[in-house]
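Take the two lone chains, each set in its own frame, and fit them into one complex as the hints suggest.
In order, the protein sequence lines correspond to chains A and B.
Sequential numbering from 765 applies to the first sequence in the numbering used here.
Sequential numbering from 48 applies to the second sequence in the numbering used here.
Rather than coming from a laboratory, the hints here were simulated on the basis of the structure.
Computed from a predicted structure; not experimentally measured.
For glycine and all other residues, C-beta sits at the position ideal for the given N, C-alpha and C.
You may find that some hints are simply not true.
List time: in silico BS3-like cross-link candidates among lysine-lysine, alpha-carbon distance up to 27 Å [said to hold, decoys possible]:
no., chain 1, residue 1, chain 2, residue 2
1, B, 333, B, 283
2, B, 115, B, 167
3, B, 211, A, 772
4, B, 120, B, 167
5, A, 772, B, 214
6, B, 258, B, 124
7, B, 291, B, 333
8, A, 770, B, 214
9, B, 167, B, 258
10, B, 120, B, 214
11, B, 371, B, 258
12, A, 770, B, 211
13, B, 167, A, 772
14, B, 258, B, 125
15, B, 167, B, 211
Some chain B residues judged to face chain A by a derived CB distance under 7 Å, without partners named [said to hold, decoys possible]:
no., residue
16, 217
17, 219
18, 234
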Amino acid sequence: MGLITKVKEQVPCTVEVSHRFESLHAHVRFNNGAVVHPGDEVLVHGAPVMAAYGEVIVEDRTATITRASWLERQWTRLTGDLEFMELCEFSFSEEVTL
Amino acid sequence: MNAHNQPKHDTTHGELHAEMAEAFDTTAMATETTLLNPRFYTTDFDEMDRIDVTPVRAEWDKLLQQMKSDPNKGHFKKNADWDDVDWQGMDPALRAEFIDFLVSSCTAEFSGCVLYKEMKRRGTNADICELFSYMSRDEARHAGFINDALREAGVAVNLGFLTKAKKYTYFRPKFIYYATYLSEKIGYARYITIYRHLEAHPEHRFHPIFKWFREWCNDEFSHGEAFALLMRTDPKLTQSFANKLWIRFFLTAVYSTMWVRDHARVDFHNALGVDIDWYDQEVYRKTSTIARQVFPVELDIDHPRWIPGLRRMDAAMRDMDKAKRQGGIAGWINHKTASARAALAFAGLYLIPVKHMTPPANVRLEPSY
Numbered sequence: 765m766g767l768i769t770k771v772k773e774q775v776p777c778t779v780e781v782s783h784r785f786e787s788l789h790a791h792v793r794f795n796n797g798a799v800v801h802p803g804d805e806v807l808v809h810g811a812p813v814m815a816a817y818g819e820v821i822v823e824d825r826t827a828t829i830t831r832a833s834w835l836e837r838q839w840t841r842l843t844g845d846l847e848f849m850e851l852c853e854f855s856f857s858e859e860v861t862l
Numbered sequence: 048m049n050a051h052n053q054p055k056h057d058t059t060h061g062e063l064h065a066e067m068a069e070a071f072d073t074t075a076m077a078t079e080t081t082l083l084n085p086r087f088y089t090t091d092f093d094e095m096d097r098i099d100v101t102p103v104r105a106e107w108d109k110l111l112q113q114m115k116s117d118p119n120k121g122h123f124k125k126n127a128d129w130d131d132v133d134w135q136g137m138d139p140a141l142r143a144e145f146i147d148f149l150v151s152s153c154t155a156e157f158s159g160c161v162l163y164k165e166m167k168r169r170g171t172n173a174d175i176c177e178l179f180s181y182m183s184r185d186e187a188r189h190a191g192f193i194n195d196a197l198r199e200a201g202v203a204v205n206l207g208f209l210t211k212a213k214k215y216t217y218f219r220p221k222f223i224y225y226a227t228y229l230s231e232k233i234g235y236a237r238y239i240t241i242y243r244h245l246e247a248h249p250e251h252r253f254h255p256i257f258k259w260f261r262e263w264c265n266d267e268f269s270h271g272e273a274f275a276l277l278m279r280t281d282p283k284l285t286q287s288f289a290n291k292l293w294i295r296f297f298l299t300a301v302y303s304t305m306w307v308r309d310h311a312r313v314d315f316h317n318a319l320g321v322d323i324d325w326y327d328q329e330v331y332r333k334t335s336t337i338a339r340q341v342f343p344v345e346l347d348i349d350h351p352r353w354i355p356g357l358r359r360m361d362a363a364m365r366d367m368d369k370a371k372r373q374g375g376i377a378g379w380i381n382h383k384t385a386s387a388r389a390a391l392a393f394a395g396l397y398l399i400p401v402k403h404m405t406p407p408a409n410v411r412l413e414p415s416y
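The following block holds chain B by itself, in its conformation from the complex (with noise of 0.2 Å):
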């Protein structure tokens, strides 16, 4: 889940960050302030109420079962493992990224956890109800790990956006299924294949918090095998023709962006020492792979016109930022010329044949990278 860092509504960050940053800070060391700035959803209630999970008790009560013994309890503890961070020593340029980093993963955590508690405060449906506290409460704690990270960094993240005015939009909950499963599995393939390189080459480890990113990203995966299971309770989620137009939009789109989005950190790579394309496409194979656990049809990554599509994508979405900067008449142009290119590559990388998959009978899987 993504969510803006900047506030929308009726403040700039400028002037929040002048009229909190004294006022919240009480730890002498933070030089910095970020407001945490989550997005406010709502769903269909009612149609989430009425899910019916009898199709797939058995697994269901297994998974919901293990969320609540909560292997990861004692996990998001700082200990002997937690070396110390030369932040003065850090490349500026690395710094800024990897500040950036925790920020959004941070904001993500949150923004998760208000969301899934709102799903649980407002459902009468138990089963779903008990699944989306346990699920609020692992996001909570995962924003709290990342928070002492940054604490440590020197920047303080503030929480006043509570009394700023939010608008609620709205996400059919098919939406919120396609979008959250993706995400959860697509963090899940991201903190596992950095874990398993560092493994491998601990002299890149700059950071402590990696260390800890295997038991983080299982939680990441039993999350999204919830939402795996909930799209099992109505087939026609995952079988409808419009519905698989769906999926395949939603994996062209957060593929692409994953693309643009981490190209766009070369810093942050290079200091794990991490090639971004190779990477980013190991990522989309160990996804897509999991994904055939429910999604009918899976994006040919291999196909020739695919990585040519995400550096066409790319290096639009770089235009559309300069000419954003430029300003004026010039740039207003130049970002509109920008924006249609991206949209064309969007729509090549869409337009790639899919390769069309037979989810197994039985939808649960164990995280094995």
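Here chain A stands alone, though its shape is the one from the complex (with noise of 0.2 Å):
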């Protein structure tokens, strides 16, 4: 890892969608066994996964992981806390107005 520079991988990884009454979820999991650390970027490649109402899907697709440089780490790391609030549920979005 460089303390400014980032490194990217490609990895295989399966995204299951599932849009259904009894479940609506999205998950990506690295076939590899890849981790994602603070700071990583992470972009599954190819077309939107559209799976439409009643239905799941799993594909196996590449990912480009943008490992954070040291320096990135160490920032997300000290600073993601702050955005604690993003944990915590309202009922309601920001918006002061809608």
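The structure is reproduced here in structure tokens:
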């Protein structure tokens, strides 16, 4: 990992998108066991996975993980906590007027 | 958990809306598309793997057994109680606020599902992984249920975010415990308060989804129980001087944000026949009573400076919004001034003396409201 340089990695992944009444979810799993660290960015290649209502789509794709530089990783670790309000649920969006 | 509806990284909402609207929507009735845009988090997974639930083993096993048995499995189904909704006849302002409620709630459940699933996948600690798999299951189920209500309203939810670049931010585990514990318990208090209110005033129930709130919030309640037990595995998390200040900070931030957001949704609460001041105080009261199970401090919501402080915060946030719309140099100055007022109001609320509590030996609670 460079101090300020970023490294890109191509990894095979499986995406699963469920657009059903019983479960609405979407997940990406890296098939080679790659692990995402603070500040890394993940881009799944290809067209958007569009599950129609009632459908579950499981597809093998390729993803690019752009590794954060050392500096960015430290920065994300230090400042990520400050965004904690995103973990909380308030029933309504933050827009004051709709 | 709150996630943004607005994609942050590479496309604007509008572009994506145009790009997706046709490709995605297969139901003829859908008139608008909302992109779900959950945030992605990492945490210190090694620290979470080291959690040892031995000190609370008996209670832990009991709770996990209950979650495993999945008491709400059959609950989230539409039955005869799901009466027709007159979306066309609904007042447009109410409709806008109610859709905002559904989309925000759906996004929150969805983000919870992503976060919990990630924790389950990354962890190696069998106790923790089992817990997160049940919670992820519940959140995905809730999201599916809300999504169905949105479909009826002609709003299609778009899951195309996976192929957009996603940056992973970071939270220390204890921040996740405090925030999600509070979020789950406050969610319980919010839902049960509305449910009980509508039981007494069924004429205000303008949508059938409110009938499902009781069982729904029981899931939220048990998720909160799990985080309460997790916090009990390490006394420092709730007993150290610094962490007590953090807890106080979380309580103030979450309570005041709730006040501001609820007061911005006047039509929604009018339709329910709910006085927002009363409702918020009632939710704080229930949440604070429940939180005595684990938090060593409690905010004094009957303090004479409490409500005036919340009102100042609300007014400052409204002025910030106005200034943002105004734009230009004057708008910038007004925005800064209003931000400073909001910060001062927050500091004023934070500094109201708290009540000190000694959490009971036995952590577990059952939903009783």
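Evaluation of the provided hints:
1. B:333 - B:283: 25 Å, holds
2. B:115 - B:167: Roughly 15 Å separates the two Cα atoms, so the pair holds.
3. B:211 - A:772: 16 Å, holds
4. B:120 - B:167: 20 Å, holds
5. A:772 - B:214: Distance of about 14 Å is within 27 Å: holds.
6. B:258 - B:124: 12 Å, holds
7. B:291 - B:333: Holds, at about 20 Å.
8. A:770 - B:214: 14 Å, holds
9. B:167 - B:258: Outside the cut-off at roughly 31 Å; violated.
10. B:120 - B:214: 34 Å, violated
11. B:371 - B:258: It is violated: about 38 Å lies between the C-alpha atoms, which goes past 27 Å.
12. A:770 - B:211: Given pair residue 770 of chain A, residue 211 of chain B holds - Cα atoms ~19 Å apart, limit 27 Å.
13. B:167 - A:772: 26 Å, holds
14. B:258 - B:125: 11 Å, holds
15. B:167 - B:211: 23 Å, holds
16. 217: 4 Å, holds
17. 219: 6 Å, holds
18. 234: 6 Å, holds
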